[in-house]
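Those protein sequences? They're chains A and B, same order as listed.
Just so we're aligned, residue 1 is where the first sequence starts under my numbering, counting upward by one.
Just so we're aligned, residue 1 is where the second sequence starts under my numbering, counting upward by one.
Don't read these hints as lab results, they were simulated from the structure.
Mixed in with the good hints there might be a few duds.
To be verified - Derived lysine-lysine pairs resembling PhoX-like cross-links, with alpha carbons at most 25 Å apart:
no. : chain 1 : residue 1 : chain 2 : residue 2
1   : A       : K191      : A       : K502
2   : A       : K853      : A       : K756
3   : B       : K74       : B       : K232
4   : A       : K756      : B       : K74
5   : A       : K853      : B       : K232
6   : B       : K74       : B       : K228
Small disclaimer: the values here were computed from a predicted structure and weren't measured.
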Amino acid sequence: MKYWRSLEEYSGEYKPDHSDDYPPPDEASRRRFIQLMGASFALAGATACTRQPPEFIVPYVEPPESAIPGRPTYYASAAPMNGIAQGIIVETHLGRPTKIEGNPDHPGSLGATDIFSQASVLDLYDPDRAREITYLGEGRSWLSLLDAFRVALDPIRARKGQGFAILTETVVSPSLGAQIHAVLAALPQAKWHQYDPAGMQSAYAGAQLAFGRALNTVYRFDQADVVVSLDSDFLSCGRASTRYAHDFANRRRQGGRLDMNRMYCVESVMTSTGGKADHRLPLRYSEVEMFARDLATATGVAGMTPSGSNANGPFIAAVARDLQAHRGASIVIPGEHQSPVLHALAHAMNEALGNAGKTVVYTEPLEISAVDQIDSLRELVNDIDAGAVDLLLILSGNPVYNAPADFDFASRLEKVKTRIRTGLHRDETSIHCHWHVPATHFLEDWGDARAYDGTASIIQPTINPLYDSHADITLLDSILQYPGRSSYEIVRSYWSDRHKGKDFEKWWRKSVHDGWIENTASATITPSLRASWPAPPGTHDSSALELSFRTDPYLYDGRFANNAWLQELPRPMTKLTWDNAVHLSPSTAKRLGIRNQDNVRLSAGGRSVAGSVWITTGQPDNSVVVYLGWGRSNAGRTGNGAGFNAYLLRTSGQPWHYSGVDVHKTGAAYPLATTQMQQDMEGRNLVISNTVDAYKRDPGFVTKIQEEVPREHTLYPPWEYKGYAWGMSIDLTACVNCNACVVACQAENNIPVVGKQQVLARRAMHWLRVDVYYQGDPGNPSAYYEPVPCMQCEDAPCELVCPVQATNHSSDGLNDMVYNRCIGTRYCSNNCPYKVRRFNFFLYQDWTTETIKLQRNPDVTVRSRGVMEKCTYCVQRIREAEIRASDEDRGIRDGEIQTACQQACPTQAIVFGDINGPSNRVAQLKAETLNYQLLAELNTRPRTSYLAELRNPNPQLRELSRGDD
Amino acid sequence: MVTIEQRQRHATRRPDPDVDLPVIAPSQTLVTVTEQVSSIPLYRAAPGLWWVMFGVGLTLLSIFAVAVTYLLSKGVGIWGINIPNAWGFAITNFVWWIGIGHAGTLISAFLLLLNQSWRNAINRLAEAMTIFAVMCAGLFPLLHLGRSWIFYWILPYPNTMTVQPNFRSPLVWDVFAVSTYFTVSLLFWYLGMIPDLATLRDQSRNRFSYAFYGILSMGWRGASRHWKFHQKASLLLAGLATPLVLSVHTVVSFDFTVAILPGWHSTIFPPYFVAGAIFSGFAMVLVLAIPIRSVYGLHNVLTERHLNNCAKLTLATGWIVAYTYAIEPFTAWYSGNQFEMFVVHNRATGPYAWAYWSVLFCNVAVPQLLWSRKVRLNPKALFTVSIFILIGMWLERYMIIISSLHRDYVPSSWANFIATIWDNATLYGSMGLFITLFALFVRFFPVIPIYEVKELLPYSHPERGAAR
């Protein structure tokens with residue numbers, strides 16, 4: 001039999017001519033080559049970047065037809081964090097989300113973001129995300145999962161859901177809540193459990209004590225003259241920190257700063273909020289409640305019995321007087337992790353001070369079901385022990401890692417017959433489950449969420465799922481109907497069911513476009529206070545070491561452990577990166593004979609972990625503080641092994657503190673990496689600070705401290721900046737040290753992370769840093785925050801010394817860095833008095849990981865090894881605005897350009913603009929008497945200047961005050 | 001060349017034991033000098049100690065090769081430098097090596113113009129030291145670049161980017177200063193060697209060395225026209241090189257003084273650096289001359305007079321250096337500037353106080369031993385003192401760079417510099433390069449200038465009887 005390819009071959013006429021296989025080069029080969037290369041490059045570009053989702057999504061600023069390559073498109077969405085949404089605007093470049101900005105119209109954002117929203121874009125592109133559905137670690141298809149799920153569910157359906165349990169994190173999303181309720185309605189015997197390691201149960205239990213029902217508290221800091229924080233880090237942690245920081249800072253600057261609010265902070269850990277307070281009192285976790293009892297007594301809460309201790313009497317009396325002088329205009333805010341009694345006491349004080357309904361308002365809980373989550377998880381554990389759980393569906397969360405140690409959740413989990421888990425990563429919990437379903441990131445899928453005040457948002461995707469990921473709602477939907485609807489259909493039908501108006505499509509488009517839904521904020525309610533108080537706990541042994549747990553300010557409960565930006569972001573008060581630490585006060589460390597960075601073993605209740613000590617000023621004596629969220633074993637390449645796992649010490653009975661912890665040196669060497677080793681200002685006028693009273697007496701006090709060199713002290717006439725002259729003003733009174741600016745800068749400017757070893761070698765790359773200085777008594781110092789970007793000096797010392805002119809001055813006064821020209825002498829850095837320049841000592845940029853490439857801002861050069869880099873005032877944004885303005889034949893408007901740091905700042909501490917326009921905001925701020933330049937005596941003429949910090953200490957507490965005046 | 005008046009003054013002065021030390025041993029003749037010097041490269045087997053020196057040099061050079069290869073493949077991050085200590089060992093080594101190079105030019109040019117005839121026996125050795133030291137020095141500014149492969153962007157040359165170097169930057173001045181210095185030193189060294197190379201050519205016993213030295217000696221025939229031009233060229237080059245002794249390290253010191261960093265920004269740096277350079281240079285001359293003298297038995301030409309004079313110059317420049325150490329705290333205090341005062345205080349008490357006190361010990365305390373004539377005439381003691389000075393001068397540059405950088409204006413950026421193994425590998429590796437080159441020089445070139453030593457013989461100056 002003969003095989004043939006053509007009739008010619010069959011008939012024998014065909015003679016194979018192999019010379020055609022490799023055509024000889026002809027004259028046009030070079031041209032042809034370039035044609036082909038050009039075409040394939042164009043095709044490669046076209047395929048790589050167009051992963052637009054198929055559903056109709058609405059761009060925020062520009063209609064889709066204007067999606068011009070090189071020009072970003074913005075979409076409004078919401079970033080859920082523990083269920084609570086922050087309104088965001090997602091900047092996308094040809095279908096790739098690259099940067100998160102705040103949504104100015106959203107109540108939880110007001111245009112700013114927290115660090116989690118900023119860093120979430122890196123989570124999306126995390127190369128360690130789970131990429132496929134797995135069964136016992138092997139890849140499976142979605143349909144095979146659904147089949148397996150159905151098979152497992154069939155007997156359960158027959159039992160009306162008995163043996164089926166769903167474990168979720170806190171559920172706030174309305175559509176997810178509706179899905180769960182629909183499943184529970186279909187399978188009435190099924191059980192729904194919620195567990196978050198840092199849930200709101202204490203707050204709800206406190207409301208239960210005070211009002212007889214769980215309530216959500218919303219504070220109005222813009223109306224509060226006096227704020228008392230009882231262990232609450234409300235300015236940088238918690239559900240509404242972005243909004244609260246905004247309101248607090250605005251109130252602080254009210255009336256030209258002369259009508260300043262006052263904050264007292266009693267806290268068990270040194271936090272950014274405590275550092276910002278006008279008076280701070282460090283008390284151990286358990287002592288805060290005693291303090292609150294005494295304060296409640298002093299503020300006239302009925303039925304109180306004082307704690308009986310005379311500690312802090314004058315302080316309490318002064319605070320109480322201040323509170324009573326501002327009835328209806330003060331706030332007592334308890335920390336979420338504090339005891340229910342403290343929450344109840346705070347409610348009672350707010351009621352007694354007439355704040356309730358004014359500065360403190362109550363709404364129904366945002367959660368679909370506000371349960372005590374530790375009890376909820378305990379119930380699940382008991383059910384498992386009783387053999388009552390055959391099928392467990394774990395939707396996100398990571399209970400194997402973060403459940404209370406006494407639950408021994410990992411081994412309990414093994415007893416469940418079928419375990420299905422959804423999550424971004426194949427983490428500690430996933431490896432104990434049969435199935436792992438990659439969850440979609442919120443930037444990839446539809447969803448909804450609520451802000452701190454209940455305002456709902458539709459989350460719209462900005463990119464198709466990168467992997468075979470599925471939303472929790474679609475998985476739940478498959479229980480109700482096979483094979484289940486898409487997340488778009490689920491979310492849309494949820495809202496169309498509830499839409500009462502006529503034109504749903506118009507309403508939907510508007511809601512998606514705006515990023516929040518009108519008239520969805522929770523209604524305020526006026527609860528009535530019950531007045532029965534549990535007796536004060538007995539006096540406790542104050543010599544025993546008290547261990548208290550806090551969630552990490554950046555990794556939160558550990559869910560962000562694989563986010564390299566957050567790992568390397570210096571912790572607010574200690575500037576530690578890549579590790580948590582065992583925090584001790586200076587005198588306690590001295591008493592225990594422990595030096596900084598000694599490795600110790602902490603033992604509590606038969607459990608122990610080892611970590612290195614960081615001696616933390618301002619921490620109460622006889623207390624040990626550890627941060628949760630570290631020591632992950634299956635977080636991914638970034639998070640694995642960073643820090644120690646403090647959950648191992650945490651039990652369901654005492655989730656936030658433990659009295660009588662043992663600390664023993666291990667002798668091991670485990671250094672900690674900080675980005676700021678010196679937190680003493682050495683008597684230099686770097687942060688200028690004074691009291692409001694002193695400012696009233698002498699508004700020009702700043703010029704007496706820091707004098708600028710007169711312009712005429714030079715042989716040459718000053719250079720005239722004719723067109724624009726960019727400048728920045730940073731208000732130190734407003735800065736609350738949240739570090740959102742630092743992450744925003746990192747995301748915007750393609751700044752690499754360097755890893756712990758390089759941080760230890762003092763080579764962190766952040767262009768913008770927030771310096772934190774302490775002054776006064778190490779036991780309770782004053783803290784000062786100072787964000788330091790490039791000063792963009794007019795007479796820049798760095799420019800003079802560069803031998804190859806790689807750093808030059810632009811006509812609008814920017815100190816430009818020409819990466820391509822830089823040969824890396826590093827002389828510029830030596831000559832920079834502010835040390836804002838950063839050098840690529842190695843190849844720090846990741847040039848190989850494909851997903852990370854998608855995150856990069858195409859408007860900013862990705863720097864290579866051996867070149868210097870630094871803050872550019874986001875020059876790419878300036879040039880973009882210039883081009884836009886010149887296209888429209890107009891000048892750049894004031895406020896049109898926002899630098900990334902300015903954009904993210906919740907307190908609007910950073911203002912950028914053209915200082916040549918006298919009516920521009922930045923020019924007006926620079927004309928204020930509080931304006932000063934950092935190291936002005938060097939005559940570098942920085943374009944970045946600061947507004948001196950003002951504080952408002954209580955004159956009655958002057959003798960107790962921390963020496964600011 | 002001694003006038004009658006001078007001789008009369010000589011006759012009436014009190015006898016000076018130092019000047020009366022002979023600059024060359026008695027009973028030397030033209031033949032013995034030629035024989036003795038030319039035998040080293042030509043037909044004497046290399047002594048065992050030479051092999052030790054060459055072996056040590058080659059070993060260190062191999063380390064250097066590994067360190068540089070690793071450096072170029074990984075980046076300057078292999079060193080301990082960071083922000084704020086953006087400069088570390090590399091620049092320290094650069095300044096130190098450049099400084100060492102100074103003594104050669106000082107001896108060959110400065111002393112030639114001043115008619116100090118005692119220089120004649122050691123100038124070749126000192127010039128060679130200069131060349132090799134500047135070669136070592138010149139490598140470091142290139143190696144320390146983040147992107148060394150485009151180092152030539154620092155040179156002014158016509159290019160398609162139409163960008164020229166920044167002539168306001170002291171680093172560009174450095175390029176000119178060091179390259180000029182190297183060129184002039186090389187020319188001077190080579191020019192001075194030509195008559196001796198011809199001697200070696202004439203003394204050679206095989207074709208290879210005949211050709212080798214023949215090519216190098218460029219047809220030198222010893223005609224009086226040759227000698228006339230040679231002397232003229234030598235004096236001209238000496239005149240060119242003499243200001244370079246002062247200018248090169250002045251320019252190098254501008255790297256620091258032009259910066260606004262406290263601890264660097266000081267007008268005393270140019271004289272301070274020049275004195276320090278000569279100080280370390282003489283120490284290095286002694287460190288090289290003393291062993292060579294004993295290994296090759298050159299006591300008759302490298303006499304105690306040379307050691308004594310070098311030691312005296314070391315002591316004198318040492319005192320200039322000590323004076324600047326004293327002036328620095330004074331100016332800091334007198335300025336009333338808190339940053340300057342902090343730097344002085346921090347140098348003496350901060351994390352690098354060990355360097356500061358070691359510098360004072362090595363550069364101020366130890367050299368005081370040179371007041372003693374016994375020490376000056378004891379080669380072993382002199383060698384030890386010189387080693388101390390070399391260590392002290394290296395530490396001084398380290399102190400200037402690191403103790404100023406590690407704590408500057410803004411305390412939040414303060415951080416220490418910790419040298420890595422690669423920092424040390426490049427430092428000791430560069431010594432390997434120096435030692436290897438010097439060993440090869442000693443082995444294959446006339447280490448003592450034959451014709452200049454002959455000038456010291458009584459034949460050259462019959463009216464004097466013997467040279468002083």
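A quick look at each hint next to the structure:
1. A:K191 <-> A:K502: 37 Å, violated
2. A:K853 <-> A:K756: Status holds; Cα separation ~22 Å.
3. B:K74 <-> B:K232: Violated, at roughly 50 Å.
4. A:K756 <-> B:K74: 18 Å, holds
5. A:K853 <-> B:K232: 67 Å, violated
6. B:K74 <-> B:K228: Violated. K74 (chain B) to K228 (chain B) sits at ~54 Å, over the 25 Å cutoff.
Of the numbered hints listed earlier, those contradicted by the structure are 1, 3, 5, 6.
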